[in-house]
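Novice: Protein sequence lines correspond, in order, to chains A and B.
Under UniProt numbering, the first residue of the first sequence is numbered 1, with each subsequent residue one higher.
Under UniProt numbering, the first residue of the second sequence is numbered 1, with each subsequent residue one higher.
Watch out, some of these pointers could steer you wrong.
Straight line, CA to CA, 25 Å or less: simulated DMTMM-like cross-link-like pairs of lysine to aspartate or glutamate [unchecked claim]:
1. B:LYS109 / A:GLU145
2. B:LYS66 / A:ASP149
3. A:LYS352 / B:GLU2
Now the in silico label distances, taken between C-beta atoms and shown as ranges [unchecked claim]:
4. B:GLU31 / A:GLY442: 47 to 53 Å
5. A:GLY404 / B:ALA78: 50 to 56 Å
6. B:LYS80 / A:GLY255: 36 to 42 Å
7. B:GLU112 / A:ASP105: 55 to 61 Å
8. A:PRO211 / B:LYS126: 53 to 59 Å
9. B:ALA230 / A:GLY442: 38 to 44 Å
10. B:ALA78 / A:ARG140: 48 to 54 Å
11. A:ASP367 / B:GLU214: 42 to 48 Å
It should be emphasised that the hints constitute simulated quantities derived from the structure, not laboratory data.
Cβ atoms here follow ideal geometry from the backbone N, Cα and C, with glycine treated the same way.
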Amino acid sequence: MRKFLAIVVCKLGRFVGKLVGKGSSMPGKFALKICPDILRRVQLPPHIIAVTGSNGKTSTVEMIATVLRGQGKNVIYNAEGSNQVEGVTTLILTHATLGGKVNADVLLLESDERYAAHSFKYFHPTEFVITNLYRDQLTRNGHPESVFDAILPAIHPDTELILNGDDPLSSCFAIGHEKVKWFGLNHCATDTETSTGVYHDGAYCPVCHAPMEYEYVHYNHIGAYRCTSCGHARPDPDYAATELDLQNGKLILDGQFTVALAFRSIYNVYNILAAYAACRECGVEGAAIADTLSSYILKNGRMQTFTLGQHHGILLTSKHENSIAYDTNLRYIASTNEDCTVLIIVDAVSRKYFTSETSWLWDIDFDQLNVPHVKRVILSGMYRNDLAERFRFTGVQNWEVIPGIPDAAAAIRDSGSEALYVVTCFSDRDKLLNLPDVKKEG
Amino acid sequence: MELKILHFYPDLMSLYGSYANVSILKRTLEEMGNTVTVERVELGGDADLTHADFVYMGAGTERAQKAALLYFSKLGDAVKAAADAGVTMLFAGNSMELLGKTITDDAGKVYEGLGLADFTAVQNKKRFVEDVYGHTDLYEDAVVGFVNRCSVITGVETPLLASMDMGHGNEGPCGPEGYHKGSVFASQLTGPILVKNPALLKVMVQAIYRHRGETCPEIPVDQYMAEGWAITAEQLKARCTK
């Protein structure tokens with residue numbers, strides 16, 4: 001009876017919530033109050049794929065959903081990003097019959113890395129993709145090892161882990177776990193011999209803290225690592241990106257499946273790899289995956305094009321408090337080789353909570369903008385002084401501070417026609433995009 | 001002057017932009033006409049603390065902290081001798097815990113600290129993450145920053161921050177925070193606290209000059225640091241009064 005009631009309340013709550021434009025967590029919250037173990041009592045689909053990690057969760061989930069739906073599978077997933085247990089409950093119950101049978105072939109879940117253990121208390125994924133563990137929102141998450149410790153209890157022995165073998169920390173989830181599949185990027189032309197970035201989280205082994213060595217580094221601490229003491233090392237991937245040509249947007253998977261990259265970022269490559277591995281584990285042919293993901297444009301709104309005066313602009317959404325997201329977007333700007341202006345906005349550090357914490361700026365490798373085609377860098381927003389102090393420690397010379405975001409936009413509008421890149425977070429992007437002179441495209 | 005900064009375990013104890021405290025101190029001392037050498041001390045490496053002008057360690061993960069303790073405690077006598085001799089030291093983030101008598105981890109395992117100070121640290125599974133708006137007896141300006149800790153520290157008789165209007169102190173919310181005795185400064189405030197707090201940067205510079213027996217000239221602070229501090233202080237103060 002409690003199960004029935006919880007499902008009815010959840011469905012009704014979701015229906016009303018949609019009408020009034022409310023989020024998707026509340027109905028699940030009510031359902032859990034009525035029947036705390038409701039997720040154990042429902043009949044779930046044969047495939048339950050969970051995706052967690054610091055970066056790339058939403059993109060990877062979207063790609064998996066697109067590929068599996070392309071194969072005619074009925075996939076339900078938390079497209080609104082409600083990735084804690086309440087949102088997961090809402091998703092499951094709104095797709096369940098009143099008897100508790102979830103009508104889908106695949107339940108696909110983006111899972112908050114800190115709360116995965118709560119989400120998977122009463123059921124467990126059949127496949128669990130962990131994309132990576134980076135420094136991310138340290139104001140909320142503590143540090144990557146505390147996130148590792150939070151995810152660990154969420155892993156059931158029967159779950160097949162799909163892990164990034166190029167990440168020395170998240171690869172530690174395989175220790176003591178039998179069912180593991182690895183994805184990874186093989187040596188490619190853009191690799192370096194040593195760590196890139198401001199800090200080196202791969203300097204010491206996450207298992208024994210002896211020094212680690214790298215055969216090659218793709219970016220930051222991601223690459224072919226090997227501990228000099230305990231042997232913790234990059235495994236041979238089961239699913240590999242065997243060739244990567246970012247300049248021409250070409251990626252080859254397992255030596256035979258070619259993907260045309262819509263967004264030429266190594267970040268995007270890892271999201272594709274994770275999605276490819278998960279879909280292969282669900283029985284989809286490699287060629288079909290590559291075909292679907294070729295020129296696939298993510299619909300997550302993290303890249304928005306617009307015009308401002310004579311400038312054509314691209315807004316690159318970089319989560320504040322996530323240095324690797326910033327580094328990746330800065331690397332993209334550096335790779336474009338066309339004259340440009342870069343506008344960096346740090347106004348509200350988070351859209352979800354208040355903080356004045358700006359330590360994360362010191363983890364970002366802003367020196368990547370020290371290239372000839374970056375003609376001008378403008379720093380704007382509430383925390384422009386913190387940005388400016390950080391820039392004083394870079395080799396970038398042509399930066400300036402314009403405190404107000406409208407003033408910064410006006411200054412750009414009134415001069416030149418070079419490309420414009422705006423680097424900022426979800427919390428601040430609309431402060432630019434909603435200005436009258438900014439005309440959004442697409 | 002020719003000044004030497006010892007930066008302990010810069011790759012291991014590197015969370016939250018810890019390195020920036022060394023960067024800003026070096027630049028400030030150089031702007032004052034000094035020649036500054038930064039010596040990185042890697043894990044397991046030896047160091048001559050007697051000729052150092054500034055000893056620094058930043059924040060790490062709890063597991064990294066134990067690795068740092070294993071090697072840093074071997075230098076315990078040298079660290080104590082340098083502290084007695086008035087060498088300026090700053091331990092930011094959880095490196096502060098290394099100075100005490102013991103660290104108890106979240107599983108109850110006890111690690112011996114350096115014993116430079118009489119406090120003990122007990123780590124929990126729960127983390128305390130919060131902005132900080134506090135006050136020190138060293139100067140008038142508010143201390144701003146962020147705390148990201150999982151420990152309760154008891155037994156500090158001479159804290160660095162006397163009180164906090166916002167934040168998590170040594171033993172709990174809004175209490176005293178950090179440790180300060182002589183030329184040794186420690187705080188669980190994370191990240192570039194010397195960048196965020198120009199007044200604390202000045203305290204470090206003055207201590208370095210004092211140890212050398214030199215009169216400290218005017219200390220340059222650029223406008224971005226000063227304005228950055230003012231905006232953050234204003235933001236945090238407004239939150240405190242809500």
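Novice: Would you say the C-beta atoms of B:LYS80 and A:GLY255 sit inside 36 to 42 Å of each other?
Specialist: violated, 60 Å
Novice: May I ask you to test the hint 48 to 54 Å on the CB atoms belonging to B:ALA78 and A:ARG140?
Specialist: violated, 38 Å
Novice: Honestly, do A:ASP367 and B:GLU214 meet the 42 to 48 Å range at C-beta?
Specialist: violated, 34 Å
Novice: Straight-line Cα separation of A:LYS352 and B:GLU2 no greater than 25 Å?
Specialist: Given pair A:LYS352, B:GLU2 is violated - Cα atoms ~47 Å apart, limit 25 Å.
Novice: So does B:GLU112 sit 55 to 61 Å from A:ASP105, Cβ to Cβ?
Specialist: Because 57 Å falls inside the window, the suggested range holds.
Novice: Decide if the proposed pair is consistent with the structure: B:LYS109 and A:GLU145, CA atoms, cutoff 25 Å inclusive.
Specialist: The given pair, whose Cα atoms are some 18 Å apart, holds under the 25 Å limit.
Novice: So the hint says 38 to 44 Å: do the beta-carbon atoms of B:ALA230 and A:GLY442 match that?
Specialist: holds, 40 Å
Novice: Is it true that the C-beta distance of B:GLU31 to A:GLY442 lies inside 47 to 53 Å, as the hint says?
Specialist: holds, 48 Å
Novice: For the range 50 to 56 Å, tell me whether the beta carbons of A:GLY404 and B:ALA78 fit it or not.
Specialist: Distance hint for A:GLY404, B:ALA78 holds at roughly 52 Å.
Novice: Below or equal to 25 Å on CA atoms is what counts here, so check B:LYS66 against A:ASP149.
Specialist: This hinted pair holds, its Cα atoms lying about 16 Å apart.
Novice: Does the beta carbon distance between A:PRO211 and B:LYS126 stay inside 53 to 59 Å, or does it fall outside?
Specialist: For A:PRO211 and B:LYS126 the Cβ distance comes to about 32 Å; the hint is violated.
Checked against the numbered hints given earlier, this structure breaks hints 3, 6, 8, 10 and 11; the rest are met.
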